[in-house]
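Asks: In case you want the letters, here they are:
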Amino acid sequence: MSVDEHTDHKQVAKQSIVAAIVIGVAAFGFLIGTSSRDADTGHAVLSEMAASSEIDVRPGAAIAAPTYAGIRDVNGSANAYWTTAIPIPAGLRTPPDEHRANTGFDSQLAVLNERAELRAYEGAPPTIPHPIQESGLAECVACHRQGAEIGDRIAPVMSHAEYTNCTQCHVRAVPAHAELTAFTLSLENSFQGMLRAGTSTRAYEGAPPTVPHAIHMRGNCISCHGVRSHPALRTSHPERQNCVQCHVQTDISRGLEFPSQGGPPHRLMQRDTR
Amino acid sequence: MDLKRRTFLKAAAMSAATSAAAGMSNARAQTRGGIDDDSVRWDKAPCRFCGTGCHVQVGVRDGRVVSVAGDQHAEVNRGLLCVKGYHVGLALYGQDRLRTPLLRQGDELVPISWSRALDVIADRVELDPSGFAFYGSGQWTIPEGYAAQKFMKGGLGCNHIDPNARLCMASAVTGFLATYGVDEPAGVFDDLDVADVVITWGNNPAEMHPVIFSRLIDRRSRGEEIELIDIGTRRTRTTDHAQRYLEFNPHSDLAVANGIAHLLLERGTWNRDFVDQHCAFRWDPGDPTLRGEALAFDQYREMLREYTPERVEEISGVPADEIRHLADLFGDPEKRITSLWCMGMNQHTQGTAINTLVHGVHLLSGHFGRPGDAPTSLTGQPSACGTVREVGTLAHALPGGRVVANAEHRAQTEEIWNVPEGRIGSSPGYHTMAMWSAWSRPESDGGDIHTIWVQVTNPGQTLPHLHGNFDPGVRDPNRFLIVSDVYPTVTTQAADLVLPSAMWVEKNGMVGNSERRTQQWFKMVDPPGEARDDTWQTIAVARRLYDRGFAGMRDRDGNFLFRVEDEGREVPIWEWDHYYDVNVDKHLFEEYRLFTRLKHKDLAPYDEYVAHRGMRWPVVQQEDGSWRETRWRFAGFDDPYVEDGREFQFYHSSSSDDRAQIWFRPYVNPPEMPDEEFPFWLCTGRVVEHWHTGTMTMRVPQLRAAMPNAYVEVNRADARRLGFTNGEMVRVESRRGHVDVPVWIGGRGAPPPGSVFVPFFDERVLINNVTLDAYDPISKQPDYKKCAVRVVPLNTRAAH
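Quick note, the sequences are listed as chains U and P, same order. Quick note: the first sequence uses this note's numbering, first residue 1, plus one each step. Quick note: the second sequence uses this note's numbering, first residue 1001, plus one each step.
Don't read these hints as lab results, they were simulated from the structure. Quick caveat, the model's predicted, so the values are computed rather than measured. Idealized CB from N, CA, C, for every residue including glycine. Incorrect hints may have been included.
Some, not all, of what chain P presents toward chain U, calculated at C-beta under 8 Å [stated by the list, open to error]:
{"id": "1", "residue": "Gly-1059"}
{"id": "2", "residue": "Gly-1063"}
{"id": "3", "residue": "Val-1066"}
{"id": "4", "residue": "Gln-1072"}
{"id": "5", "residue": "Cys-1082"}
{"id": "6", "residue": "Val-1083"}
{"id": "7", "residue": "Gly-1094"}
{"id": "8", "residue": "Pro-1210"}
{"id": "9", "residue": "Ser-1214"}
{"id": "10", "residue": "Asp-1240"}
{"id": "11", "residue": "His-1241"}
{"id": "12", "residue": "Arg-1699"}
{"id": "13", "residue": "Val-1700"}
{"id": "14", "residue": "Ala-1705"}
{"id": "15", "residue": "Pro-1708"}
Restraint ranges, calculated between C-beta atoms of paired labels, are given here [as the list claims (entries may be wrong)]:
{"id": "16", "chain 1": "U", "residue 1": "Arg-115", "chain 2": "P", "residue 2": "Asp-1607", "range": "40 to 46 Å"}
{"id": "17", "chain 1": "P", "residue 1": "Glu-1677", "chain 2": "U", "residue 2": "Gly-136", "range": "32 to 38 Å"}
{"id": "18", "chain 1": "U", "residue 1": "Ala-173", "chain 2": "P", "residue 2": "Glu-1293", "range": "42 to 48 Å"}
{"id": "19", "chain 1": "P", "residue 1": "Glu-1225", "chain 2": "U", "residue 2": "Arg-115", "range": "35 to 41 Å"}
{"id": "20", "chain 1": "U", "residue 1": "Ile-215", "chain 2": "P", "residue 2": "Asp-1471", "range": "38 to 44 Å"}
Using the sequences and the hints given, assemble the complete structure.
Replies: Structure follows, in structure tokens:
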């Protein structure tokens, strides 16, 4: 199954409904997208999963709620109260700790700094690091609707596709034509922008971390946290689509820290330093 | 007030009065995600830039702006901004901010004290108050404009005060006055949420009013159908979103509007009921005037008879079938049609005419006053409406829609200002074009303005035909120029005295946007160095004159004209250290508010605006004590000033019978057209990245990087014919002057063959050396959109 198919919520929802009707089972959330023809094989996969699960799935038994950290080990298994026809492709089943193992503090810092280079401050619209056509509508969405791969770069998926006048907010990071810069003007600006929105927190070890930034205009989480985003920002459980079910917005009034010289905030990504 | 807030205020060193007002506000607590912490404090402010009036949330830490976010609670922008708005906070921090007053000594500007600066200005006033002029701005806050207005007309008894908005929306004003008898749009931005058809007349909102434009076109993302018709002289980013692009020969929009009216009458698809009940007809048999003469319907029909679709095509180049399509739309009562326009129709030597014609098409077809049916003019500046049109900072006007020529209006104003009877002169002062002409001409040639004080604008870059109206080289050496600004500009370079100003959230402010929305914000950070509020500057000069015994700065009781009392004691607001002891904005606004009832532009008390993200006037108090804003003016279902039971009432009708005027105005040729010697049309304008002359936005790295310099857009066919390549330097030259500028082919906009476009934001490419200073006879607004130029390759020139 192509990852592209996961990127469209509408598509996912539609497919989920089809699947649910076909097998006659209510599939609540957690769907990764499939089609009816997968239903049969899905059963087989899930049986295997159930067999390997440590959770007691006997009818009538109380189900121990997995911790957030442990939920990856459960692998979305079926039990007597909840079944699903949706197979989880092996490629997406990242071993639980791989995500964190790969992305330490330095890696996250690097990607956040890279992000910051195209932004005046955390929350500012990024500037465009490549040439664009100065008019016309199609060229932005051609790559940014689905997140096209071009060479070793990935065009981030738009997180607010409902806005269609892209160049209203996003402007070139370098001028349209180098030869047009016929005049020199070098003026400095001492603005120091907020480098990050806030600190992600957890209620307890294993609890889902809160979203440290505003969700407005960034409602499509996979735009930055999807399977093809930078590993440092990538979700460890891409099969889960309803992100805000578990991750709520931090009260971003707290823990805002600003370095005096524009360097990276020292308490970045607190969860990794624990 | 809780301890936390108190601690913050102490740290921010804000004044007691301001903070008391801050504590009152409910809206202020409603910040993004309920942020109110010790390190970043968020507060609301309207964006510094255009007339859309988006609200932003400003994040401040340690006395500096560190972040900006679209305000999700704001009705105008609903959380969205444009690229200028997102970067507005950076505009405060260019390293070359003006920090101290500067006085010219020979070729140099040398730092002086504020006290010395005030004396210099007082000297210039005392030289001859009647030759002292104030040139202001649609970027003045309401209190700034009100203070300047009172200083000039109430203090100096001199009416030579006019704003840059003369160059920007004067024809929109005369269009509204000629049609409805009272200024400003009847509709609101809400029309764009429900309109079926939107017509942009010489207007590029995709770049100039991006948030309004998105509010419209993003409806398509929700599956809604909108027909967008772009009537223009050049393809723009707005055209990209339009189903139809009607390219007209410059100036021939007059014919297009007449063509629609003609077909409505010929086909009988005009709205008889609406016209019979609510409209009358008018024309100018002789010289152009604001009032004209009444015209019978049959005469009106007869005058339009020549504007057949074929004849209109001949004049305008717009295919006859497109004119028929427009008439189809206007002839369909089910459609909701909104027209948008801005500089294309206003910067037009027939600006008043085309404004009235577009209103006329809406009235004739009855596409008026229902949500979605509106002729709506957009303003380019954040307070062209609030400060210029409402406070009346124009040479002929007084606050609240009054005029100096009306004895009753003068008496009312003198009463509120408590100045002696006869203080206000009855003759209009110089409008912008006349003011700069009288300043730049020698005394022997009738030049009788010895000093101009400029605030919040950059005429050295924006006046048309700069060589004739501004150049230091041509002006009389005895002329004196005072400029209050935040950065060095072409104008400060020519100034004799430069005053450093506070900007945006470095001061308290109020502005009024394009939809009659009055907005308020509080000071959040301190200005750099010795920069100070423009209002303070005006009041401090007034006080210096008062202290020197200048009679005009005393009211009837001998008190200072700008006396502010706190608990019965006068607060010395003319001393900077005490300026924020009270909220001067609030004092000025509450006084100004007394003026706003006459023309039913009622404003609410100051504190209401603290608690809201703007309110649209008339704001009328309800029986329960609450204040209600008005969205659709003149419409019985919403406007409280329409008499009960009436569907519409134009209650300020110039014919005093509650009717709006539908004008006939003929197509006439523009004053200058391309010829053999100067074969191209030149159009000038703006780009999305830059605010007007780039004084602020060219200091924002992201905006400057995206659009670092001006260019000339040339049509590909013309470029091929003339052998121009992209980036090649060419000279754009008119009868008045030239600029050297790189060519951009296939760029952002696409002018038709025979037409070029140059933006005006770049101070190194003063395109207004080239433009024409002919102006509309009624509004006195010049035309920056058309004159005749030639485009010459520079290497060819060098060879000669």
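Asks: Does each hint hold? Answer for all of them.
Replies: Cross-check of the supplied hints:
1. Against a cut-off of 8 Å between C-beta atoms, the interface hint on Gly-1059 (chain P) holds, since the closest Cβ of chain U lies about 6 Å away.
2. Residue-level restraint check for Gly-1063 (chain P) is violated (minimum Cβ-Cβ distance to chain U is 12 Å; threshold 8 Å).
3. Because the beta carbon of Val-1066 (chain P) sits about 4 Å from the nearest beta carbon in chain U, less than 8 Å, this interface hint is met.
4. With its C-beta approaching chain U no nearer than about 6 Å, Gln-1072 (chain P) sits inside the 8 Å limit, and its interface hint holds.
5. A cut of 8 Å between beta carbons decides the hint on Cys-1082 (chain P): the least distance to chain U is about 5 Å, and the hint holds.
6. Evaluation of the Val-1083 (chain P) hint against chain U yields a held restraint, the C-beta minimum of about 5 Å falling below 8 Å.
7. With a cut of 8 Å, the hint placing Gly-1094 (chain P) at the interface with chain U holds, because the nearest CB-to-CB distance is about 5 Å.
8. With 8 Å as the threshold, the beta carbon of Pro-1210 (chain P) comes within range of chain U, its nearest partner Cβ sitting at about 4 Å, so the hint holds.
9. For Ser-1214 (chain P), the shortest C-beta to C-beta distance to chain U is roughly 5 Å, which falls under 8 Å, so the interface hint holds.
10. The beta carbon of Asp-1240 (chain P) comes within 5 Å of a beta carbon in chain U, closer than 8 Å, and the hint placing it at the interface holds.
11. Because the smallest distance between the Cβ of His-1241 (chain P) and any Cβ of chain U comes to about 7 Å, under 8 Å, the interface hint for this residue holds.
12. Taken as an interface hint, Arg-1699 (chain P) checks out: its beta carbon lies about 5 Å from the nearest beta carbon of chain U, inside 8 Å.
13. Satisfaction of the interface hint for Val-1700 (chain P) is found here, the shortest Cβ-Cβ separation to chain U being roughly 7 Å, below the 8 Å cut-off.
14. Among the interface hints, the one on Ala-1705 (chain P) holds; its C-beta lies about 6 Å from the nearest C-beta in chain U, closer than the 8 Å criterion.
15. Proximity of Pro-1708 (chain P) to chain U holds as hinted, the smallest CB-CB distance being about 5 Å (cut-off 8 Å).
16. Against the hinted window of 40 to 46 Å, the Cβ-Cβ separation of Arg-115 (chain U) and Asp-1607 (chain P) comes to about 41 Å, which satisfies the hint.
17. Between Glu-1677 (chain P) and Gly-136 (chain U), the C-beta spacing of about 36 Å keeps the proposed range 32 to 38 Å intact.
18. Ala-173 (chain U) and Glu-1293 (chain P) have their C-beta atoms about 58 Å apart, which leaves the hinted 42 to 48 Å range violated.
19. Checked against the hint of 35 to 41 Å, the pair Glu-1225 (chain P) and Arg-115 (chain U) passes, with Cβ atoms roughly 38 Å apart.
20. Restraint check, Ile-215 (chain U) to Asp-1471 (chain P): a C-beta distance of roughly 54 Å breaks the suggested window 38 to 44 Å.
Of the numbered hints listed earlier, those contradicted by the structure are 2, 18, 20.
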